[in-house]
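There are 2 protein chains.
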Amino acid sequence: MNAKQAIKEKALAAESASIALAAVSEADKNAALALIADALKGQTERIVRANTRDLDAADASGLPRPLLKRLVLDGKKILRLCDGIAGLISLEAGTGKVLLCVELDDGLELRKVRCPIGVVAVIFESRPDALVQISCLCLKSGNAVLLKGGSEARHTNAALAGVIAEAASRAPVPAGWLQLLEDRRDVEALLSLDAHVDLVIPRGSNEFVRHIMDNTKIPVLGHADGICSVYVDAGADLKMAVEITVDSKCQYPAVCNAAETLLVDGAIAADFLPPVAKALREKGVRLAGCAGTAAIIDVEPATDRHWKTEYLDLAMSIRVVDGLEAAIDHINRYGSGHTDAIVTNDQARAERFMEMVDSANVFWNCSTRFSDGFRYGLGAEVGISTNKIHARGPVGLEGLSIYKWKLYGRGQTVADYADGAKTFKHRPIHP
Amino acid sequence: MNAKQAIKEKALAAESASIALAAVSEADKNAALALIADALKGQTERIVRANTRDLDAADASGLPRPLLKRLVLDGKKILRLCDGIAGLISLEAGTGKVLLCVELDDGLELRKVRCPIGVVAVIFESRPDALVQISCLCLKSGNAVLLKGGSEARHTNAALAGVIAEAASRAPVPAGWLQLLEDRRDVEALLSLDAHVDLVIPRGSNEFVRHIMDNTKIPVLGHADGICSVYVDAGADLKMAVEITVDSKCQYPAVCNAAETLLVDGAIAADFLPPVAKALREKGVRLAGCAGTAAIIDVEPATDRHWKTEYLDLAMSIRVVDGLEAAIDHINRYGSGHTDAIVTNDQARAERFMEMVDSANVFWNCSTRFSDGFRYGLGAEVGISTNKIHARGPVGLEGLSIYKWKLYGRGQTVADYADGAKTFKHRPIHP
Chain A
13 MNAKQAIKEK ALAAESASIA LAAVSEADKN AALALIADAL KGQTERIVRA NTRDLDAADA
73 SGLPRPLLKR LVLDGKKILR LCDGIAGLIS LEAGTGKVLL CVELDDGLEL RKVRCPIGVV
133 AVIFESRPDA LVQISCLCLK SGNAVLLKGG SEARHTNAAL AGVIAEAASR APVPAGWLQL
193 LEDRRDVEAL LSLDAHVDLV IPRGSNEFVR HIMDNTKIPV LGHADGICSV YVDAGADLKM
253 AVEITVDSKC QYPAVCNAAE TLLVDGAIAA DFLPPVAKAL REKGVRLAGC AGTAAIIDVE
313 PATDRHWKTE YLDLAMSIRV VDGLEAAIDH INRYGSGHTD AIVTNDQARA ERFMEMVDSA
373 NVFWNCSTRF SDGFRYGLGA EVGISTNKIH ARGPVGLEGL SIYKWKLYGR GQTVADYADG
433 AKTFKHRPIH P
Chain B
13 MNAKQAIKEK ALAAESASIA LAAVSEADKN AALALIADAL KGQTERIVRA NTRDLDAADA
73 SGLPRPLLKR LVLDGKKILR LCDGIAGLIS LEAGTGKVLL CVELDDGLEL RKVRCPIGVV
133 AVIFESRPDA LVQISCLCLK SGNAVLLKGG SEARHTNAAL AGVIAEAASR APVPAGWLQL
193 LEDRRDVEAL LSLDAHVDLV IPRGSNEFVR HIMDNTKIPV LGHADGICSV YVDAGADLKM
253 AVEITVDSKC QYPAVCNAAE TLLVDGAIAA DFLPPVAKAL REKGVRLAGC AGTAAIIDVE
313 PATDRHWKTE YLDLAMSIRV VDGLEAAIDH INRYGSGHTD AIVTNDQARA ERFMEMVDSA
373 NVFWNCSTRF SDGFRYGLGA EVGISTNKIH ARGPVGLEGL SIYKWKLYGR GQTVADYADG
433 AKTFKHRPIH P
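From first to last, the protein sequence lines are chains A and B.
Once you know that position 282 of the first sequence is 294 in the numbering used here, the rest is easy, because the numbers rise by one and skip nothing.
Once you know that position 312 of the second sequence is 324 in the numbering used here, the rest is easy, because the numbers rise by one and skip nothing.
Isolated chain A, as found in the complex (with noise of 0.2 Å):
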């Protein structure tokens, strides 16, 4: 068998699985949670041991401190996983909640009922410990799940994945639910099978996840880029102004929240530059600017080329604009549709920034880097979308679900209907 039947072979008992799994109550799917979480703690040396070996051949070829550092899967990680288990089973699934119900007609009752999504393959990079939630995630909205994890973390990957099938065979969850690829060739099979799997959740580089989102039919949710933009406005606190920029720039600029692009309204911007471009080089932040920023700070001037640009590091792009109206289009052009911050003391204006600014997360007052699932208090994310339908934002269990509608009747045909033998009474029910 080939490597693209082995993994069309997956895709089906995924798919098979996903079918069962619909029909699993909730209590059944926190039960094999909680076998989980047993295992993960039981059989911690067999996990350690396993990831012993990835960091072995990490170290042997030389891969940097701060990555070797992510592959890590300890005890003390472990534990915090398995706490995370803990608080998913004590979230409310929403499988099986009637959303909407309406009495079309006498007997007639027509539900729109919540239900997992299917099969969704999950890509993600070296954090090991991202296959422990992801497949949690998946399990606890009950959708069957094809993970593939990063190469230099395939024995960690794999010993986590055999823990939590072996656990979850334990309870009334059908087996296949969770199929592990192993090769970066097994992806590009993976992204040909659109008749079986329902949803690509990429987690990546930029690059990374638009050759996934260039190279398959599936629906993709997930986003590239994440150019954030924090704009002051004439009617900040200034202070304020300064301690949300520095937070937004400089918390954790490796991550996709952070903000890449400082806009200052023109009529704030020599009381504003000076202080702002102070605390940003004090955390060594390296400034460019257009034209009126250089005409009140000292920056390398910058282009086009500076507005398009994650940097995902210590760097910002600052650009003086006419006001709001100029601040909302230079984001609506430029920014990633991720996460983008107004500064403000006038609310009307704050309202419009966050009504016109298309973006998935729209501040007012605070750090773009709250754009969260947990910080959200929605438990753990699958990922951040910046797609514009299904899922927006931080994506947690209600993302990996859809609907059906489910119409009970007494034997109505259509025929009574169209001759008017009958009509439509469209009564709601209170679900």
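There may be inaccurate statements among the hints.
Same chains, same names: a pair is fine if it fits in one copy or spans any two.
Unchecked claim - Each computed BS3-like pair below joins lysine-lysine, with the alpha-carbon atoms no more than 25 Å apart: (1) K89 with K295; (2) K295 with K251; (3) K53 with K89; (4) K109 with K295; (5) K109 with K89; (6) K20 with K81; (7) K109 with K124; (8) K53 with K290; (9) K434 with K251; (10) K320 with K22; (11) K434 with K295; (12) K229 with K16; (13) K22 with K81; (14) K53 with K81; (15) K434 with K88; (16) K229 with K89; (17) K229 with K20; (18) K251 with K109; (19) K437 with K89; (20) K434 with K109; (21) K320 with K124; (22) K124 with K437; (23) K124 with K81; (24) K320 with K295; (25) K290 with K437; (26) K251 with K53.
For the record, the hints were derived by calculation from the structure and aren't laboratory data.
With chain A's structure known, arrange chain B on it following the hints.
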């Protein structure tokens, strides 16, 4: 300017209008809809004159009579469209609705707010009424729309789009929200504009929809096939089962929610097949069947090809299956995830069927023909979706919306939470 550039200009104009439209109040959108209805009535002569040109050309080119009939737009149909607009005005669009509200911490409030998708492209076939319905649904839901109708209705479509855009321009609605494409090549140009168009909804033949799905990176909402089944369970009322089968097949066989396949539990096949075959044949239905069917009634032999065929005609494939699970397997394998019905008096088996059949619409004891936005009470629909994400089944106003996350703060930074100075409270607030 070549065709490709011209279409890009239209998409950019729509995109720009969509941003402004997101901030237009429901009252203003309703005012625009009322003006549109008035204008359609007031300019009926202009529209009918354009329609006559299309009808004359279609007649001369030998367009078949049923298609000619669909092409007619007269005063009576225009009045009915205006009634539809009045109904749409009375619906709540839900734009701006707060779906979830959580106080993350003191003075840090998160709101998940429904909003329009942005720019929607709808490509539809001959019936020009659709142009009015779709553009009004898009306006009501706050989306800019690119429309391409059937070329045989080009004069009618141009007149309708002109009347609608002119009327809306007298309300506080941004110009450019409605863009008409006029050429088949325009559609090809449109499909490459994934940076500016957020969703495509194709309505037409299987081949056409599949062509769109295969040739764009824009998310596509809709359905290609409509292979719907009726399963008659051992626990069925056989008289009811005959009525539901006949209605599902014959009430309007040319549409997607008409049934193509009849599945019959082996336990009742000998009792059920003769009367259902008689009733179907009285309506002129040609029957094909599996060997089990042929052992009981006289039918053309059915093969795998039959289970995959959408007849859209008075023809039906019959298969005798070994009970509920076999019926579910057949539907999940050969169906198109559109609409499937079970006829049974056994509630537990009905629930299992509705849980395990992975289709947008799953029905118990009623005709497959009920799956329709109007019958569901959703108001008009832009189409029926067999997608597994975003919107499933009949797509009305809600399917034309998405949400964004608004976070209202007072200067909060993430650093305070990361270093433990503050902790999240996640207090739900009822919106």
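Hints, verified against the model:
In this assembly of identical chains, the alpha carbons of K89 and K295 never lie at most 25 Å apart, being 29 Å within a copy and 68 Å across copies at closest. In this assembly of identical chains, K295 and K251 lie within 25 Å of each other by CA distance solely inside one copy; the values are 16 Å within and 79 Å between copies. Proximity of K53 and K89 under a CA criterion of 25 Å is satisfied intra-copy only: 11 Å inside one chain copy versus 69 Å between copies. Proximity of K109 to K295 under the C-alpha cut-off of 25 Å is found in neither arrangement, the shortest distances being 48 Å within a copy and 40 Å between copies.
Within a single copy, K109 and K89 get their C-alpha atoms no closer than 34 Å, and across copies no closer than 40 Å, so neither meets the 25 Å cut-off. Taking CA atoms no more than 25 Å apart as the test, K20 paired with K81 passes in neither setting, with 34 Å inside one copy and 47 Å between copies. Taking the shortest Cα distances, K109 and K124 sit within 25 Å of each other both inside one copy (8 Å) and across copies (19 Å). Taking CA atoms no more than 25 Å apart as the test, K53 paired with K290 passes in neither setting, with 48 Å inside one copy and 65 Å between copies.
Only between protomers do K434 and K251 lie at most 25 Å apart by alpha-carbon distance; the minimum there is 20 Å, versus 68 Å within a single protomer. In this homomeric assembly, K320 and K22 come within 25 Å of each other (Cα to Cα) only across copies, at 24 Å, whereas the closest approach inside a single copy is 39 Å. Taking the closest pair of Cα atoms, K434 and K295 come within 25 Å of each other only across two copies (22 Å); inside a single copy the shortest separation is 73 Å, beyond that limit. Proximity of K229 and K16 under a CA criterion of 25 Å is satisfied in both settings, with 17 Å inside one chain copy and 24 Å between copies.
Taking the closest pair of Cα atoms, K22 and K81 never come within 25 Å of each other, the shortest separation being 31 Å inside a single copy and 50 Å across copies. In this assembly of identical chains, the alpha carbons of K53 and K81 lie at most 25 Å apart only when taken from the same copy (21 Å versus 70 Å across copies). In this assembly of identical chains, the alpha carbons of K434 and K88 lie at most 25 Å apart only when taken from different copies (23 Å versus 66 Å within one copy). In this homomeric assembly, K229 and K89 never come within 25 Å of each other (Cα to Cα): the closest approach is 36 Å inside a single copy and 39 Å across copies.
Taking the shortest Cα distances, K229 and K20 sit within 25 Å of each other both inside one copy (16 Å) and across copies (23 Å). In the homo-oligomer, the alpha carbons of K251 and K109 never lie at most 25 Å apart, since the shortest distance is 46 Å inside one protomer and 33 Å across protomers. For a Cα distance limit of 25 Å, the shortest separation of K437 from K89 across copies, 24 Å, qualifies, whereas the shortest one inside one copy, 57 Å, does not. Taking CA atoms no more than 25 Å apart as the test, K434 paired with K109 passes in neither setting, with 30 Å inside one copy and 34 Å between copies.
In the homo-oligomer, the alpha carbons of K320 and K124 never lie at most 25 Å apart, since the shortest distance is 42 Å inside one protomer and 27 Å across protomers. In this assembly of identical chains, K124 and K437 lie within 25 Å of each other by CA distance solely inside one copy; the values are 17 Å within and 32 Å between copies. For the homomeric pair K124 and K81, neither the shortest alpha-carbon distance inside one copy (46 Å) nor that between copies (35 Å) is at most 25 Å. Proximity of K320 to K295 under the C-alpha cut-off of 25 Å is restricted to the intra-copy arrangement: shortest distance 23 Å within a copy versus 64 Å between copies.
Taking the closest pair of Cα atoms, K290 and K437 never come within 25 Å of each other, the shortest separation being 67 Å inside a single copy and 33 Å across copies. For a Cα distance limit of 25 Å, the shortest separation of K251 from K53 qualifies neither inside one copy, at 47 Å, nor across copies, at 59 Å.
In summary, the structure is inconsistent with hints 1, 4, 5, 6, 8, 13, 16, 18, 20, 21, 23, 25 and 26 from the numbered list given earlier, while agreeing with the others.
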